[in-house]
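**Student:** Sequence:
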Amino acid sequence: AMFAAPHASSIPRTYAGNNSLARAERARGVIRAPGGGGRRVNRARPRAFFEDQDVEDLSPTTSVTATPDAWTAGTFTKLDDSCVMFGVSHLSKEGAHDAAEFILKTKPSLVVVETAVTSEHGDATGNVLQYEQGVSAMMMDAAAADEALIFVTRLAGMLLGELGPIEESPQWENMKAQLPPEVLVYAAAFAVRATIVYGDRPKAVTIKRLVSTPTLGELDGAFATQSERNYRLLLPDDHPLAAAASERTNDYFEKVIIDERDCVLASTIRECVNKAENGGKVVAVMGVDHVAGVARIYGDTFGAAENDAKIDELTSVPKASSESLGARLAMAQRLMGLRCPPALLNDVERTLEEDVANLTDEEKANFELVSEVYGSTRMLMACVEDKAVLDTVIGGYKCDYSKDVLEPVRAVRPVNGGKGWSDEIINALRTNSVANFPAKGGASAA
Numbered sequence: 006a007m008f009a010a011p012h013a014s015s016i017p018r019t020y021a022g023n024n025s026l027a028r029a030e031r032a033r034g035v036i037r038a039p040g041g042g043g044r045r046v047n048r049a050r051p052r053a054f055f056e057d058q059d060v061e062d063l064s065p066t067t068s069v070t071a072t073p074d075a076w077t078a079g080t081f082t083k084l085d086d087s088c089v090m091f092g093v094s095h096l097s098k099e100g101a102h103d104a105a106e107f108i109l110k111t112k113p114s115l116v117v118v119e120t121a122v123t124s125e126h127g128d129a130t131g132n133v134l135q136y137e138q139g140v141s142a143m144m145m146d147a148a149a150a151d152e153a154l155i156f157v158t159r160l161a162g163m164l165l166g167e168l169g170p171i172e173e174s175p176q177w178e179n180m181k182a183q184l185p186p187e188v189l190v191y192a193a194a195f196a197v198r199a200t201i202v203y204g205d206r207p208k209a210v211t212i213k214r215l216v217s218t219p220t221l222g223e224l225d226g227a228f229a230t231q232s233e234r235n236y237r238l239l240l241p242d243d244h245p246l247a248a249a250a251s252e253r254t255n256d257y258f259e260k261v262i263i264d265e266r267d268c269v270l271a272s273t274i275r276e277c278v279n280k281a282e283n284g285g286k287v288v289a290v291m292g293v294d295h296v297a298g299v300a301r302i303y304g305d306t307f308g309a310a311e312n313d314a315k316i317d318e319l320t321s322v323p324k325a326s327s328e329s330l331g332a333r334l335a336m337a338q339r340l341m342g343l344r345c346p347p348a349l350l351n352d353v354e355r356t357l358e359e360d361v362a363n364l365t366d367e368e369k370a371n372f373e374l375v376s377e378v379y380g381s382t383r384m385l386m387a388c389v390e391d392k393a394v395l396d397t398v399i400g401g402y403k404c405d406y407s408k409d410v411l412e413p414v415r416a417v418r419p420v421n422g423g424k425g426w427s428d429e430i431i432n433a434l435r436t437n438s439v440a441n442f443p444a445k446g447g448a449s450a451a
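Take 6 as the starting number for the sequence shown in my numbering and just add one per residue.
No wet-lab data here; the hints were simulated from the structure.
Among the hints, erroneous ones may be present.
Computed list of lysine to any residue pairs in SDA-like fashion (alpha-carbon distance at most 25 Å, straight line) [to be verified]: (1) K83 - G298; (2) K324 - K280; (3) K83 - F307; (4) K110 - M144; (5) K112 - A148; (6) K260 - L434; (7) K110 - D85; (8) K260 - R301; (9) K408 - D391; (10) K83 - K392; (11) K181 - E106; (12) K286 - G304; (13) K260 - K424; (14) K110 - N283; (15) K280 - V133; (16) K392 - G422; (17) K260 - G298; (18) K208 - L364; (19) K110 - A149; (20) K208 - N283; (21) K280 - D317; (22) K392 - V410; (23) K83 - R198.
Here are the in silico distance ranges between beta carbons for each label pair [stated by the list, open to error]: (24) D391 - N279: 46 to 52 Å; (25) P413 - N255: 39 to 45 Å; (26) M143 - D242: 30 to 36 Å; (27) E173 - D146: 23 to 29 Å; (28) D242 - K392: 19 to 25 Å; (29) S251 - A148: 42 to 48 Å.
Computed from a predicted model, the values in this text were never measured in an experiment.
In this text, a Cβ means the ideal position worked out from N, Cα and C, and glycines have one as well.
Whole structure, please, built from the sequences with the hints as guidance.
**Tutor:** Here's what the structure looks like:
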């Protein structure tokens with residue numbers, strides 16, 4: 006139910022070290038730490054719910070108004086007279102504190118967020134948290150309370166102890182230098198006694214809808230699109246083939262991860278505006294990828310009822326087809342692995358763990374084999390339809406092996422009538438790295 010407060014505490018989440026989260030190795034979908042080798046690409050490009058964030062790309066990309074009124078000045082999107090929306094880059098702290106300072110200055114009554122303060126805060130759309138809840142949790146049993154809630158409450162308490170405007174205090178300057186933007190937003194909201202409303206659907210719903218709603222072919226197509234995108238991200242910023250990495254793909258990944266959640270977020274914001282008491286204002290804080298879609302949906306007043314009517318469907322998980330369920334789960338996990346930072350990839354694995362455990366023996370075998378194929382470099386390369394991209398990012402002597410090496414891999418893809426694996430491909434993957442060295446006496450040894 007909207008505006009329902011979460012109950013007991015759940016798994017603690019901390020914010021220490023967020024700025025050093027590993028990023029996905031672009032061409033292979035392998036998680037590695039920043040600074041671990043390879044060129045970092047600094048390019049403005051779309052962000053997604055599951056994607057890791059580059060520390061270089063930090064500034065919000067929302068529109069800028071020019072009026073002197075404190076309520077309508079700043080880097081944000083004005084949704085209407087009662088609500089503004091900020092876009093932030095997740096997990097990065099530098100240069101993205103505008104939303105928090107806006108909250109401190111304007112003191113809205115409600116702050117709608119895409120990312121939950123605690124795991125239980127994100128258990129249902131419309132869950133709320135208030136400063137008083139954090140104080141009560143600390144007084145009753147701080148050791149047993151949610152770590153993230155206690156952390157944000159203590160931050161707000163420190164801000165409330167400052168003399169003069171909080172946004173001008175040394176304490177606030179210290180926090181801006183050390184904390185990511187969304188944590189600053191939480192602390193600022195608590196400090197001005199605003200209610201923090203979770204505007205998104207539960208993360209598990211998003212993950213499971215990506216497994217259950219597309220066909221196996223659509224999952225395969227989305228995997229291919231994301232794989233080619235990652236190869237383009239390896240190219241220099243000014244390379245003519247690199248520009249397409251910044252464009253929408255309109256595949257099933259973006260449909261579930263961006264578009265559906267835009268509908269949910271816009272509906273929550275609208276309900277908050279309608280329920281704000283005594284002319285109270287609303288500030289929404291979203292990832293930058295959601296700003297355009299949420300603003301478009303929120304601004305379509307004639308389509309508001311139609312959008313709201315879809316929310317029940319978009320916040321539920323239809324039962325996945327039992328046909329090829331193992332392949333579907335494996336492909337979805339590998340798809341998410343192309344875009345996930347480590348923390349979110351762990352969430353994906355935990356969310357789908359039970360589904361994988363309940364597979365039949367035959368489907369478990371399919372799961373393992375499809376996962377092996379779609380986790381291979383050969384499949385990542387075979388999914389790239391633009392041969393110019395492969396020719397550009399792969400160099401070496403006689404490297405034009407697309408037909409001999411990659412065509413058999415392409416043949417097992419569901420979009421090409423395959424089942425995601427074959428004995429031939431499995432054997433090739435398991436033997437292609439075996440080197441035969443001449444043994445003493447001239448024989449060879451495997």
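**Student:** Work down the list of hints and note, for each, if the structure agrees.
**Tutor:** We went through each hint and held it up to the structure:
1. K83 - G298: Since the Cα atoms of K83 and G298 sit roughly 14 Å apart, the hinted pair holds (cutoff 25 Å).
2. K324 - K280: Roughly 34 Å between the alpha carbons, so the hint for K324 and K280 is violated.
3. K83 - F307: 18 Å, holds
4. K110 - M144: 29 Å, violated
5. K112 - A148: 31 Å, violated
6. K260 - L434: Cα-Cα ~32 Å, so violated.
7. K110 - D85: Cα-Cα ~18 Å, so holds.
8. K260 - R301: Holds, because 16 Å separates the two Cα atoms, which is no more than 25 Å.
9. K408 - D391: Cα-Cα ~14 Å, so holds.
10. K83 - K392: 43 Å, violated
11. K181 - E106: The given pair, whose Cα atoms are some 10 Å apart, holds under the 25 Å limit.
12. K286 - G304: Between K286 and G304 the Cα gap is close to 17 Å, so the pair holds against 25 Å.
13. K260 - K424: Given pair K260, K424 holds - Cα atoms ~24 Å apart, limit 25 Å.
14. K110 - N283: 18 Å, holds
15. K280 - V133: With Cα atoms ~13 Å apart, K280 and V133 stay inside 25 Å; holds.
16. K392 - G422: Since the Cα atoms of K392 and G422 sit roughly 21 Å apart, the hinted pair holds (cutoff 25 Å).
17. K260 - G298: 11 Å, holds
18. K208 - L364: 22 Å, holds
19. K110 - A149: 33 Å, violated
20. K208 - N283: Violated, at roughly 33 Å.
21. K280 - D317: Given that 25 Å is the threshold and the Cα spacing comes to 20 Å, the pair holds.
22. K392 - V410: 14 Å, holds
23. K83 - R198: Satisfied, since the Cα-Cα distance of roughly 22 Å is no more than 25 Å.
24. D391 - N279: 46 to 52 Å: 47 Å, holds
25. P413 - N255: 39 to 45 Å: 29 Å, violated
26. M143 - D242: 30 to 36 Å: 47 Å, violated
27. E173 - D146: 23 to 29 Å: 35 Å, violated
28. D242 - K392: 19 to 25 Å: 22 Å, holds
29. S251 - A148: 42 to 48 Å: Because 47 Å falls inside the window, the suggested range holds.
When the structure is compared with the earlier hints, violations turn up for hints 2, 4, 5, 6, 10, 19, 20, 25, 26 and 27 and for no others.
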